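Engineer: Position chain B against the provided structure of chain A, taking the given hints into account.
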Amino acid sequence: QKEVEQDPGPLSVPEGAIVSLNCTYSNSAFQYFMWYRQYSRKGPELLMYTYSSGNKEDGRFTAQVDKSSKYISLFIRDSQPSDSATYLCAMTLGANSKLTFGKGITLSVRP
Amino acid sequence: EAGVVQSPRYKIIEKKQPVAFWCNPISGHNTLYWYLQNLGQGPELLIRYENEEAVDDSQLPKDRFSAERLKGVDSTLKIQPAELGDSAVYLCASSPGGKTEAFFGQGTRLTVV
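Chains as they are written, first to last, in the working numbering: chain A, 1 to 111; chain B, 1 to 113.
Pulled out of the complex, with its shape left as it was, chain A reads as follows (with noise of 0.2 Å):
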């Protein structure tokens, strides 16, 4: 079993559509989690990064932690064509350490 669990994709959704991105992972000395956006032959972008558990809100952007359940959501609201790509959940044990990442879900926004 993986560290980290990721949704299998890809996704399609229609442009307006609530998507919400999820994954699962095993190890609770997992502290701090991210979000990454990549885009086509480009490296990844940070989009969201939360410590706790609840949730943290970036304008369409919302991510979700459960450390109880080992569990972290990224949730985005009025998606956008431009919202098309590959988003990859990452999780770290600590400052400076290695990010351990999902295995990334392609989204596809269709206009």
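Quick caveat, the hints were computed from the structure, so don't treat them as lab data. It should be emphasised that the depicted structure is a prediction, and the values quoted were computed from it without experimental measurement. Careful: at least some of the hints might be erroneous.
Some chain B residues near chain A, calculated using beta-carbon distances under 7 Å [unchecked claim]:
1. K11
2. G42
3. P43
4. L91
5. G105
Glycine included, every Cβ here is placed at the ideal spot set by N, Cα and C.
Structural biologist: The following block gives chain B in isolation, referenced to the frame of chain A:
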């Protein structure tokens, strides 16, 4: 502020040839990472530097891979000799001291033929 800069962006080499990748991290970032990303997978750590010291190289295949970070700034990653299975994207990332967020470069896409 300039981001993480990597070169080259693309490299095609024949198997058994050597290849090197270069990374310039964000100014002031003490921690530098090299990650490997295979097609359809998330990045996996190869090596992590704190300044010029390699503090985690447990996943670096040391028989053919080497890395250095002279003066704690730029870094190079070398493969010698390259194998067909090394075809992947090599990503460099950096983070400021005491922080968890890592910022990635565009990557070097290596194709070994």
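Engineer: All hints, please: hold or fail.
Structural biologist: These are the hints, each one checked on the structure:
no.	hint	verdict
1	K11	14 Å, violated
2	G42	3 Å, holds
3	P43	5 Å, holds
4	L91	6 Å, holds
5	G105	5 Å, holds
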